[in-house]
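Using the hints provided, position chain B relative to the given structure of chain A.
There are 2 protein chains.
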Amino acid sequence: MEIERKYLVNEIPFDLTPYLCRHIEQGYLSTEPVVRIRQDNDNFELTYKSRGLMVREEYNLPLTKESYLHLRTKIDGRLITKDRYVIPMENGLKIEFDVFLGDLAPLLLAEVEFPDEDTANAFLPPAWFGEDVTFSSRYHNSTLSRA
Amino acid sequence: MEIERKYLVNEIPFDLTPYLCRHIEQGYLSTEPVVRIRQDNDNFELTYKSRGLMVREEYNLPLTKESYLHLRTKIDGRLITKDRYVIPMENGLKIEFDVFLGDLAPLLLAEVEFPDEDTANAFLPPAWFGEDVTFSSRYHNSTLSRA
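Chains as they are written, first to last, in full-length UniProt numbering: chain A, 1 to 147; chain B, 1 to 147.
I should point out that these hints are in silico values taken from the structure, not numbers from a laboratory.
Yeah, the Cβ is synthetic: ideal placement off N, Cα and C, and Gly gets one too.
One or more of the hints may lead you astray.
Just so you have them, the derived chain B footprint on chain A, three or more residues with Cβ under 8 Å [as the list claims (entries may be wrong)]: (1) 32-39; (2) 59-73.
Calculated lysine-lysine pairs in the BS3-like style (CA-CA distance at most 25 Å, straight line) [claimed, not checked]: (3) K49/A - K65/B; (4) K74/B - K65/A; (5) K94/B - K49/A.
If you anchor each label on the Cβ, the simulated ranges turn out as follows [as the list claims (entries may be wrong)]: (6) G77/A - E11/B: 56 to 62 Å; (7) T64/B - D132/A: 27 to 33 Å; (8) L8/A - K94/B: 52 to 58 Å; (9) E58/B - F14/A: 43 to 49 Å; (10) E57/A - E131/B: 39 to 45 Å; (11) I12/A - D103/B: 54 to 60 Å.
If we strip away everything but chain A, and leave its shape as in the complex, we get (with noise of 0.2 Å):
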């Protein structure tokens, strides 16, 4: 189960070299439920997600490498790329903030995951995250991969 807010950021709000990054890329061979396959830095997987906004169940499996360079073949739409900073925030929450690369750029979204729906309902967002746009499909990647 996962429980996580996303919100579109306007600009790179500070010096994000201090931390840490990884660059995915992901498509998406079905969006409903969504089968996605995603390189992040060296690790390889096939993830699904059964439908829903807030919460989804997901199950995160590994492939190869070679799997994976063959599963790409049959994405539908465009391979997603971005880098991915993840930010501590004092609450012990974590920021994942993507900067989208490619044809999507300049877009930025942040994404925060909670170990509950009390504390998601309950969190409070740092000035420099714009429009809520966690009950949005617009901005799931898998709506970015047909954009």
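What follows is chain B alone, placed relative to chain A:
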């Protein structure tokens, strides 16, 4: 975790009409690891199996009919079609007896699933079972999809 043994069968051993029968079609998006789509009567699912022969980790995840038909356009090799008869044994175990259709006919395979490895190793097959092909990748459905 799935623990099973698989046997070739040379001919249909007795009248199968009293037994529960499901019509199955399945295809593969990847073989190592296995990423399989399957229609089992009116159920549609995506299956992931880690690598291995007798013991494999397996996840069965629901698909809609639409997502199944979409993913079916992406399979490698042939779509496997078969009728699966479930035949109970006196010891409480069940035989899944697969009668392959299409260009894999007249192939017949019997599979028995076990609660643990000791039961699997102690299993005495019925006289109508042929060659034990548990440890042969040749009769994996993923191999048959490419044959």
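Here is how each hint holds up against the structure:
1. Coverage of the stretch 32-39 of chain A by chain B holds. Counting CB-CB distances below 8 Å, 3 residues qualify, and the rule asks for three or more.
2. Check result for the stretch 59-73 of chain A against chain B: holds, 9 residues qualifying (beta carbon to beta carbon below 8 Å, three or more required).
3. Restraint check for K49/A and K65/B: satisfied, since their Cα atoms lie roughly 16 Å apart, inside the 25 Å limit.
4. Using a Cα cut-off of 25 Å, the hinted pair K74/B and K65/A holds, with the two alpha carbons roughly 19 Å apart.
5. For the given pair, K94/B sits about 32 Å from K49/A by alpha-carbon distance, which is inconsistent with the 25 Å threshold.
6. Between G77/A and E11/B the CB atoms are about 49 Å apart, so this pair departs from the stated range of 56 to 62 Å.
7. In this structure the hint that T64/B and D132/A lie 27 to 33 Å apart at CB holds, the actual value being about 29 Å.
8. Judged by the Cβ atoms, the range 52 to 58 Å given for L8/A and K94/B holds: they are separated by roughly 53 Å.
9. Against the hinted window of 43 to 49 Å, the Cβ-Cβ separation of E58/B and F14/A comes to about 46 Å, which satisfies the hint.
10. A C-beta distance of roughly 41 Å is found between E57/A and E131/B, which places it inside the suggested range of 39 to 45 Å.
11. The supplied range of 54 to 60 Å is met by I12/A and D103/B, whose beta-carbon atoms lie about 57 Å from each other.
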